[in-house]
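Undergrad: Sequence:
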Amino acid sequence: MQHGSNIRTLGRDKDQRTALIRGLAVSLIRDGKIKTTLAKAKELRPFAERLVTYGKDGSIAARRQAASMLGEPKGDTIKNLFDVIAPKFKERNGGYTRIIKVGRTSAGRDEAVIEYVA
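Heads up, the sequence shown is in the numbering used here, so the first residue is 27 and it goes up one at a time.
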């Protein structure tokens with residue numbers, strides 16, 4: 027029985043769901059704003075905010091932890107997170123992202139934009 031299970035499965039098993047959230051997080055760090063479904067945005071939010079918290083710490087251990095959470099991303103993703111995004115939130119204690127509902131698509135699903143606040 028699955029009583030009390032509050033995890034959004036997004037129609038995927040655990041490995042696929044982890045890969046999806048990592049990919050969305052890398053896109054959010056790279057672009058600053060992404061458009062996706064509302065359920066995916068709600069699942070992405072705590073993951074992305076935890077990454078910004080690591081970015082604010084700025085230590086080598088925090089860089090490694092963030093890289094591990096993102097699956098060792100290619101390019102300047104970690105550098106962008108620690109050097110560009112995190113310094114904007116030095117004085118802010120949480121609430122680094124906002125989700126804006128943008129209506130339904132022709133497929134009938136709720137769309138949303140998730141972006142960094144600052």
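Derived by calculation from the structure, the hints in this document are not laboratory data.
From a predicted model like this one, the values you see are computed outputs, not experimental measurements.
It is possible that some hints are incorrect.
In the SDA-like style, the derived pairs of lysine to any residue whose C-alpha atoms are separated by at most 25 Å in a straight line are [to be verified]:
id, residue 1, residue 2
1, LYS114, ALA133
2, LYS82, LYS114
3, LYS59, GLY84
4, LYS66, ARG38
5, LYS68, LEU96
6, LYS61, PRO113
Undergrad: Between the alpha carbons of LYS68 and LEU96, is the straight-line distance 25 Å or under?
TA: holds (17 Å)
Undergrad: When you check the alpha-carbon spacing of LYS114 and ALA133, does it fall within 25 Å?
TA: violated (36 Å)
Undergrad: Can the restraint linking LYS61 and PRO113 be considered satisfied, given a maximum Cα separation of 25 Å?
TA: holds (24 Å)
Undergrad: Between the alpha carbons of LYS59 and GLY84, is the straight-line distance 25 Å or under?
TA: holds (23 Å)
Undergrad: For a C-alpha distance cap of 25 Å, please report whether LYS82 and LYS114 respect it.
TA: Holds: LYS82 and LYS114 sit about 9 Å apart, inside 25 Å.
Undergrad: LYS66 and ARG38: Cα distance at most 25 Å?
TA: Within the cut-off at roughly 12 Å; holds.
Consistency with the previously given hints fails for number 1 only.
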